[in-house]
Structures are given as structure tokens and as C-alpha cells.
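These two chains come separately, so use the hints to put the complex back together.
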Amino acid sequence: MTILDRDIDKLCTLARLALDDDERARARDDLARIVGMIDALANVATDSVEPLAHPLDATQRMRRDDVTETIDRDAFQKVAPAVRDGLYLVPRVVQ
Amino acid sequence: MNPFGNPFATLTELADSLRSKQCSSVELTRFYLDRIERLDAAYNSFITVTADRALAQAEVADARLRNGTAHALTGLPIAHKDIFCTKNVRTTCGSRMLDNFVAPYDATAVARLDAAGVVTLGKTNMDEFAMGSSCETSYYGCTRNPWDVERVPGGSSGGSAAAIAAGLAPAATGTDTGGSIRQPAAFSGVCGLKPTYGCVSRFGMIAFASSLDQGGPLARTVDDLALLLDTMAGFDPRDSTSAVDGHAGHAARTLHDAKPRTIGVPREYFQLLTDPALAASFDAARRTLERAGHRFVDVSLPHTAAAVPTYYVVASAEASTNLARYDGVRYGHRCESPKDLTDLYERTRSEGFGREVKRRILTGTYALSIGYFDAYYLKAQRVRRLIRDDFVKAFETVDALFAPTAPSVAFPAGQISDPVEMYQQDVFTVPASLAGVPALALPCGFHQGLPVGMQFIGPHFSESALLALGADYQRATDWHRRTPAGLE
Numbered sequence: 453m454t455i456l457d458r459d460i461d462k463l464c465t466l467a468r469l470a471l472d473d474d475e476r477a478r479a480r481d482d483l484a485r486i487v488g489m490i491d492a493l494a495n496v497a498t499d500s501v502e503p504l505a506h507p508l509d510a511t512q513r514m515r516r517d518d519v520t521e522t523i524d525r526d527a528f529q530k531v532a533p534a535v536r537d538g539l540y541l542v543p544r545v546v547q
Numbered sequence: 034m035n036p037f038g039n040p041f042a043t044l045t046e047l048a049d050s051l052r053s054k055q056c057s058s059v060e061l062t063r064f065y066l067d068r069i070e071r072l073d074a075a076y077n078s079f080i081t082v083t084a085d086r087a088l089a090q091a092e093v094a095d096a097r098l099r100n101g102t103a104h105a106l107t108g109l110p111i112a113h114k115d116i117f118c119t120k121n122v123r124t125t126c127g128s129r130m131l132d133n134f135v136a137p138y139d140a141t142a143v144a145r146l147d148a149a150g151v152v153t154l155g156k157t158n159m160d161e162f163a164m165g166s167s168c169e170t171s172y173y174g175c176t177r178n179p180w181d182v183e184r185v186p187g188g189s190s191g192g193s194a195a196a197i198a199a200g201l202a203p204a205a206t207g208t209d210t211g212g213s214i215r216q217p218a219a220f221s222g223v224c225g226l227k228p229t230y231g232c233v234s235r236f237g238m239i240a241f242a243s244s245l246d247q248g249g250p251l252a253r254t255v256d257d258l259a260l261l262l263d264t265m266a267g268f269d270p271r272d273s274t275s276a277v278d279g280h281a282g283h284a285a286r287t288l289h290d291a292k293p294r295t296i297g298v299p300r301e302y303f304q305l306l307t308d309p310a311l312a313a314s315f316d317a318a319r320r321t322l323e324r325a326g327h328r329f330v331d332v333s334l335p336h337t338a339a340a341v342p343t344y345y346v347v348a349s350a351e352a353s354t355n356l357a358r359y360d361g362v363r364y365g366h367r368c369e370s371p372k373d374l375t376d377l378y379e380r381t382r383s384e385g386f387g388r389e390v391k392r393r394i395l396t397g398t399y400a401l402s403i404g405y406f407d408a409y410y411l412k413a414q415r416v417r418r419l420i421r422d423d424f425v426k427a428f429e430t431v432d433a434l435f436a437p438t439a440p441s442v443a444f445p446a447g448q449i450s451d452p453v454e455m456y457q458q459d460v461f462t463v464p465a466s467l468a469g470v471p472a473l474a475l476p477c478g479f480h481q482g483l484p485v486g487m488q489f490i491g492p493h494f495s496e497s498a499l500l501a502l503g504a505d506y507q508r509a510t511d512w513h514r515r516t517p518a519g520l521e
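Taken in order, these protein sequences are the chains called A and B.
Convert by adding 452 to the 1-based position in the first sequence; the result is the number in my numbering.
Convert by adding 33 to the 1-based position in the second sequence; the result is the number in my numbering.
These aren't lab readings, by the way, just hints derived from the structure by calculation.
Beta carbons are placed, not taken as given, at the ideal position from N, Cα and C, and that holds for glycine.
Check each hint, because a few of them may be wrong.
Straight-line C-alpha distance at most 30 Å; calculated DSSO-like pairs for lysine-lysine [said to hold, decoys possible]: (1) Lys-292/B with Lys-120/B; (2) Lys-120/B with Lys-462/A; (3) Lys-530/A with Lys-120/B; (4) Lys-530/A with Lys-372/B.
Incomplete in silico selection of chain A near chain B, CB under 7 Å [what the hints assert, rightly or not]: (5) Leu-463; (6) Leu-466; (7) Ala-484; (8) Arg-485; (9) Ile-486; (10) Ile-490; (11) Val-496; (12) Thr-498; (13) Ala-527; (14) Val-531; (15) Gly-538; (16) Tyr-540.
Isolated chain B, as found in the complex (with noise of 0.2 Å):
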């Protein structure tokens, strides 16, 4: 079947439509606008489409790709998580604070991306400043699940996944700062990267948790995510904390390094495993593996069960810090008519920000205050540092840590109200967010006709060898092909 015409191709594939000309990149992206046109209505994944610069980048790649200038992803359109600056489009972050906002500059990774001939389609939809497990908290309403709208698709690149779940886009960009480009790949049925702290620039990322944020791709398939990382990441000297010798840039031609692997499971991470009927698709999984060659030890990951509450200290009170810079002066919401400054301090941040926000930075706040320090902050960087040693032991022995992704398949909107619950969702995906280590997303079954996901954690800086893991596993199965029915 030609590529071009199924919503459902991917990157790889319609990268070889373009070449072979059975389609122009303006085709392509036309065809894509005009999908999230007609049916973007039932899921919400995008907050803004920027059809003409699309079609502007689309025209400048079909004249590399004539010309013979043209990168690995000239011309192929995907969407961008609302996290990234967009030069001179709305970049709202899913919060009113940013309701108005219209970036001056783009995000590096961005910059990277456009700078290979890749063509915007538009920016996603997410949880607000991406604080949120299932797209809910977002100021521009939830997202819904493609393969059940009745659910969410997880949070916080939630709309970036269900973008690719629905065929509205082959790829997307998210940011992963505690599972939030793993969590929504695994209840959309999509593959999701996030790399090592510090591989993908964070500059015009807008920040949530400065020690964790990371950003990555989304896709269809591993190797889509090999070719997408390969552009994103790289030494940024505007990033303070961006990796020197961070990722080589050939995860792409190294997908069939398929060496048989030593891969640990975490014990902790089963025992904690609430819903077992789960448990069927992860032996599958394995033994798929096993019949690659590959081979299963237990190992043990004692700190798993702190990480949560060490992350919700962490992340709030980076967060609370990092969000005191809306104060309605140079940019972003501004309360009417403010008495003082105090006043326009207190107006305009508990107008532009949600609940779930407010929530997280009084947190930070409570953790960061005097008499609360040491007990709270101090004391989960320590607990992070066991949490992250935990990991260096591991890797002693293994090569990768097999897992799942969530604890659940998708859960239905409006299920969870209590954060505390709703924090819980992150607990298979805050110990290599604490840890910096990548960890590679992606389908592996179906529960009651929901996706179900597996996560491979790795080494600093493995993600070629994760990706490699990945493609060997999804050249075994098709899980990663299934679409949502009725989207043809």
C-alpha cells in the first residue's frame, strides 16, 4: 500500500513516499491539516494548527528535496507538545497565564527540527506547565483518548500521543519531567522516548522541574523515535546543564545492533503492579524477548517505593520556583486594573493559574519554607541520590531494566479527583526521571481493547542501545501497528 493516504504510516515510510515522489511534502501536509480539521473536534489534541507556516516549510522542502539538500526528515510534518517556543506562534503551555503569549524565539529542539526541513502541523495539547498524569489540567480542556473517548490519554504530552493514536500527525514532540512522554505513549498505543538528563536541549522548554525536565519524541515506531532523536538532541551551549558528550547521533543506523541482552527486572516494580491482569501482557513481552536471544534476571531497585513522594518535593518546589516569573510584567496574563503591585502579583497568578498548579506551588513552597527544608527538601535529594545509586547498581549487571510503563491501562476523565491517587500514576515513571536515565516507551498488548505499555530503562546515555532493544522487539511483534478503529 502507498504510504501516502494511510494516516497511519510512519515516518520511515512516508520518508520513502517522498523520495520516491510518489508525493510533495505539501501533499503530505495538506493531507494531515485536513484530517485534524475534521476530526480533531472529538479528541482536542491540538491548541493551535499553524496551517500556512506549515505549508510555507512544506513548498521550502519539496525544493530541497528537488534539489538534493534535503535531510532524513525533509518534508515530513509532525506536531509540537505547546511546551516548545514557537518563533511568532502562540505558545501557551496549556495554562491562561500563557493564554496570549507568542514566543519571540524557538526552542532548540524546535530550531533543530525545522532546521532538517520538518514541517509544523501544530502545537499539542498538555496538561497545564505539564503538571498533570492525563491531559485534564489543561486550561484548553482535556484530551481525549482515540481509543476510547471516553478516557484520557494520559498527561502530561498527552495531546502529542493521541495526535499520533488518531493519525493526525506521524510524530510529535513532548517533555518528560516524571513520565510525561512515557505515561500518555502507553495509554495511546505509541512509542515514546525520554532520553538522559541533559541530551535534548531544555532551551525554550518552557520549565516545570529545572533537575528533570527532558525533552523527547513521540512516534509510531522506534525507529521513527531514532530518527527524530538523532535531530533533537545534541550540545547546546544556551543550556546550562546540556550534556558535553551527551547522545552520538546515530541511534538511527544502529536499530539492528540486536546483541543479545542482559535484561534486569525490578521486583519492586512487579510487587507494585495493582492490576494483574496486566501481568499476561509483560510475560508475553518477555518471552518474545527471550526468543530473540535476549535473557531475564531479577534485580532489585530497593528506594522504588520513595520515589514518589521524593519527586513530589523535588518537581513542587523547582516548580514553585520556577513559576514565580509570572508576575503579569513582561509577558503572559495580566489581571485588570491592579491597586498595587502585591495586587498584581496575587491577581493575575491565581487568575492565570489552575488548580493543579496552585496545588503544586504552594507544595514547593511548603517544602522550601523555613523549619520544612531539611525535613522535606534536603531530604529528597538524599533520597534521590539512593534512588539514582539504585540504578548505577544495577546496570553493573544488566544492560537494560524491563517495566512497566503505568500502573493501569487508560482510566475513564473525571475518575481520579484526589491528587495524592492521581500522583500514584507516576510510580513506574519517576525513578529514571530522578535517576537521569532514558527510558524507551511502547506498546505490548491490549487490556479490555486498551493499549498496554512496556518501558526499557538504560544506562547514562544508552539510548542508542535502548532504541536498538526497542526495534528488535517490534520486528517480532505488531502490537505498535494496531490503530484505533473507525480512523482509517
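Bound-form chain A, shown alone (with noise of 0.2 Å):
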């Protein structure tokens, strides 16, 4: 499997990281070798079988609407990085 630098710009782009030349280069080495790992995939015959999601085909339990939490907001902004009257700050977005 051939992995181009375009490919790593487009995952980076996805995934929100910035690589610098270094890193992209050692990235589109190491994406292609494991790609070729997991490629052996394709050798499995999987027709009609169904996908796992959760290992004990469980699915997702029910509870009641009730109020079972409270947030202590000003304890979980304490390790915030930037914080004003309650509020998250992040850059400006709309000018």
C-alpha cells in the first residue's frame, strides 16, 4: 500500500494535528507498513458475518430519566486553561 504525502495532510486535517516535515515523513513510512499489516485482513472470509461491536452483544441499557448527578462547576474549571465568569475561552471565531 502506497501512502502519499496528501494522504497524511488529508488525516492530519481530519484529525487536527500539524506534522512538521520530519514527522510527516517518518508518519507516511510507519501508516504505510502498518496498512500493509493490517491489509491481511482482506484474506479473512467474513461474508455473512455480522460485525462485533461489544464482545458480550450487549447492548446499551435503559435507566430512568431521573437526576442522578450534579456539576460542580467550578471544580472541573479549576483545571480548565482559560476561564471567564463560568465561561470556556477559546480564540475569536466570529469577527
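Written out as C-alpha cells, the structure reads:
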């Protein structure tokens, strides 16, 4: 499998990563090796096999629509990089 | 010998010391804190030591021991892998991304152990976000193997395994997504249990691959694993995949239930064992178990060779999704002076994540992207069902499976730089992870002075039976009693 620079650029955009030239070249080579390994799955016959998302085939448990948790905003925002008046601060989005 | 003062005493022995007043929890805690301070520079098994908190917990434990409200684990010091959130204690997950993260709440597994009166010595080193098989991807530097400091302790729970092997803690918590409890247990000569998926709550356990992640204990003996599991496990409404009727919590009481078992030997595993020198240890273990009355039969798990590629698609896809939350807004690392929102996300993530984490995010993003989703992600989920069904079929005729834990003994730090070669370390551990079945790793010999590990794999929620089988083996052997030289 050939992985091109533009493939890495697209993945970096999707994953919100910025790689420098060295990292990008390494990522391209590493990904080509990894994809070469996972391509082996194509040799496994899976016709009429359903995908398995949960190892015990469990389904999502439902619960009553009751309030069971409270949010301590001050405690949670203590670990935030930038907050003001209870709000998380980010660079301006709308000019 | 009085267990107090022996750094390699078991939890069970130390509990007796506390109850017979040979020592107090404060004395025991000080003993381990002192050893960590004196010796851990050589191993780097701890990221954070919580001395003040530990001594405060020990004082409370001593009061409980005096007033008759003690639990079987009250007053015993252990360490937590730094993937478990610990309230008001830094929780880094081995990453620069969380270098400044002080958890605002406790993981359920930690809360249950705390409620039992367990003392937390500190937080152990690990591969970054549990992605690794050597502890070399930690932002805090590699942990060293106490049997040979030039070698890795295994990963990702390498700090937990090394701390026990070096006598810096009698037990620790770990997590296992594709072998991260079992492989370091094997490399470091200690015991580790990966419970059934859903057995131990994932609440407060920092997510790597949510359909695989499972917390569990590491300790010096199988008996100690049972004590820890009984306390850690159980239904938790805060974890949407927690099993309602999971582990019954009686493993410690059924350790002597050593009824003869039929044990399957999966031929594919032994065909994949690349180091024939290890075979002697597995043959000897098999003879020991046969003498104890257990019977071995050959079985086949035909899709074993597909497990590593399946795992690296499923785990990477889930990781790329789970790690999308690290955006520099609510907690964790944030880059300096971002010029806009995209710059904030990209530089924060590029600075905060290490190379292996970025590699897995890119692999997962690739497997989930348009045009590849069916060919990789859905395909891997289909193969996962075949792998799971191999186990289900095998357990129709056998009670447990017997297998190597890792393809080699601990390798030298820096030896494996190719990611695909590193991923092959997981060849014997990822199948049970994909199937969600429990697996018990325990020492079964030595090769060139380094521990060799084996595992018993059982049907879903057969932890008690696996532990009873392991305890039976450990009553007949003393591999788990061996300790590295010069650490007494």
C-alpha cells in the first residue's frame, strides 16, 4: 500500500494534527507499514458474518430519566486552561 | 519471618501482620514510601508519589483496624496506574497532554479500593495513553525492568509491574486493552488479571479503546489478585457497558476449589511462539498441572493470526475517536497564543501527544475515513466476531486455555523501533481482549535470568475458576516467590 503526502495531509486535517516535514515523512512510512499489516484482513472470509461491536453482544442499558448527577462547575473549571465568568475561553471565532 | 520488613511480602501476609499488630498501616506505608524514595530512581516506576495522602489514609486505616470496621484490604498500600483518575491528585496517563491535569473525581475502581481502606502510595508510569508494549512511549521516560535495568518492564502497565517486582509496592492496579496488564506481568515476573470486559468499571479510567479497555489487578500472587478483584469489580451505573451480573465477588473464597479441569492447548499459539527456548518452561508448567490432576487437550483457534491486524484497526479507530476530546479548551495542555481555533486544536494536540499516540490517531482516522470504513473498520469488526466465536467454541469442550503470555522474555530498551514489530508483541494477548474473555497471567519459569510468563484464558466471567486454577499452580511452584537480586 502506498501512502502519499497528500494522504497524510488529509488525515492530519481530519485529526487536527500539525506535523512538521520530518514527522510527516515518518508518519507516511509508518502508516504504509501498518496498512500493509492490516491489509491481511482481506484474506479472512467474512461473508455473512455480522460486525461485532461489543464482545458480549450487550445492548445499551436504559435507565429512568432521573437527575442523578450534579455538576460542580467551579471544581471542573479549576483544571481549564482559560475561563472567565464560568465560560471557557477560546480564540475569537466570529469577527 | 515477620512479613513486615520483607518488601516482597504478599497482601495476604501483610494483612495478617496488620491484624496480629506486628505492624501498623502507618509503619507499613512508611516502609514502602521509604523504599520508593531510595530505589525508584533506578526504575522510574512512579510518576507521582502521594506520601502525605498515603499516610493520612494509613492513619484512618489503623483506626478501622482498631475499632473492628476493617475490610480484608484495610491498611494495605498499593499503587494505581496513572490512567485511573484520583481526586485532587495529578493524573497524567503518561502524556504531556495531561501533565497538569488534577482529576476532579475518583475512578470507580479507585473509590471502591479507597472505601475498603486501601492506601494509595502513588501513580505508576505507563505508555502514553496506554499505547505501547514497553513503557517506552511515556512522556516521563521509560520504566526499567527490575530483573535487568537495561530491559523494558513491558507495557502499558509497566510501572505497576516494575513497582511490584522491585518491592516498592505489594500490588497495583493496571488496565488491559490488548495485553497491557498481562505482558508487563510476564516481563516483570508478577501476576496480572485481565477480567471479562464489563467486570471492572471503566468510569474514571481514561479511555483508549472503549470496547476493549478493562481494569484489573497486578500482584505477587494469584491469591492477592482475587482479593483485589473482589473489591474492584461489580456493576457500576456510571459505566454504560458495566456488566449487571458480572463478577460475583467471591474469588478469594473459592481459591481452594481445585477441581480437575480440562485445559485446552491452542495449537496456533504454540506455532507462533518464535523463541523455542521458552517452550521448556511451558512444558514444565503443563507437567506440574497434570500432576495436580488437570487434563490437557489440543484445541484450535483458527483466526488467531488475524487478531493483531484486527486489534490495530479496532483499537486505533476507537482511540482516534476517544482522543478527539483533547482540544486545549476544558483541561489539559494548551498551546501558547493560538491565532485561531484551528491553530489552538492543531498545535495543542501536536505538542501534547507523543509519536506513538499520533501514529495510532492517524491509523484510526485512516480506517474510519470515507472509502476505507468498510474495508478496514467493518471488516475488522466482522473478523472480531470470528475470533470471539473461536473462543466460544473452544469453551464448549474445555474449561480454560493455556498459552504463553508474550513471544519472548523482556527485550532491551530501544531494541524495537519498528511499530509493526512492536505490535507483534501482543500476538498472544489481543485475541482474549477482542473476545472480551478473562485471562490470568502468571510466572512459570526463567530464561537467561528473565521471567517467563504463561496465561490461562477462560469463558466470560470465569475469573473465580481461573484464579482457583492459578492458585493451584502456585501451591505447587515457587516462580512467583523469586525476586530480583540485591533488592532485599
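Worksheet item: Holds or violated: is the Cβ of Ala-527/A closer than 7 Å to a Cβ in chain B?
Response: holds (5 Å)
Fill in: Given hint Arg-485/A near chain B, where the shortest CB pair must fall under 7 Å
holds (5 Å)
Item to complete: With a cut-off of 7 Å on the beta carbons, see whether Gly-538/A makes it to chain B.
Response: violated (13 Å)
Worksheet item: Taking 30 Å as the top limit, are the C-alpha atoms of Lys-530/A and Lys-372/B close enough?
Response: Holds: Lys-530/A and Lys-372/B sit about 24 Å apart, inside 30 Å.
Practice prompt. Could you check if Ile-486/A really has its C-beta closer than 7 Å to a C-beta on chain B?
Written response: Because about 5 Å separates Ile-486/A from the closest Cβ in chain B, which is inside the 7 Å limit, the hint holds.
Worksheet item: When you check the alpha-carbon spacing of Lys-530/A and Lys-120/B, does it fall within 30 Å?
Response: Given pair Lys-530/A, Lys-120/B holds - Cα atoms ~13 Å apart, limit 30 Å.
Item to complete: Against chain B, run the beta carbon of Leu-466/A and see if the smallest gap drops under 7 Å.
Response: holds (5 Å)
Worksheet item: Holds or violated: Val-531/A as interface residue toward chain B, Cβ cutoff 7 Å?
Response: holds (4 Å)
Practice prompt. May I ask you to test the interface hint for Ala-484/A with respect to chain B, counting a Cβ-Cβ separation under 7 Å as satisfied?
Written response: violated (10 Å)
Worksheet item: Can the hint on Ile-490/A be confirmed by a CB-to-CB distance to chain B that is less than 7 Å?
Response: holds (4 Å)
Discussion item. Val-496/A was flagged as interface toward chain B. Is the shortest Cβ-Cβ separation under 7 Å?
Written reply: holds (5 Å)
Worksheet item: For the pair supplied as a hint, Lys-120/B and Lys-462/A, is the alpha-carbon distance within the 30 Å limit?
Response: violated (39 Å)
When held up to the earlier numbered hints, the structure conflicts with 1, 2, 7, 15 and fits the remainder.
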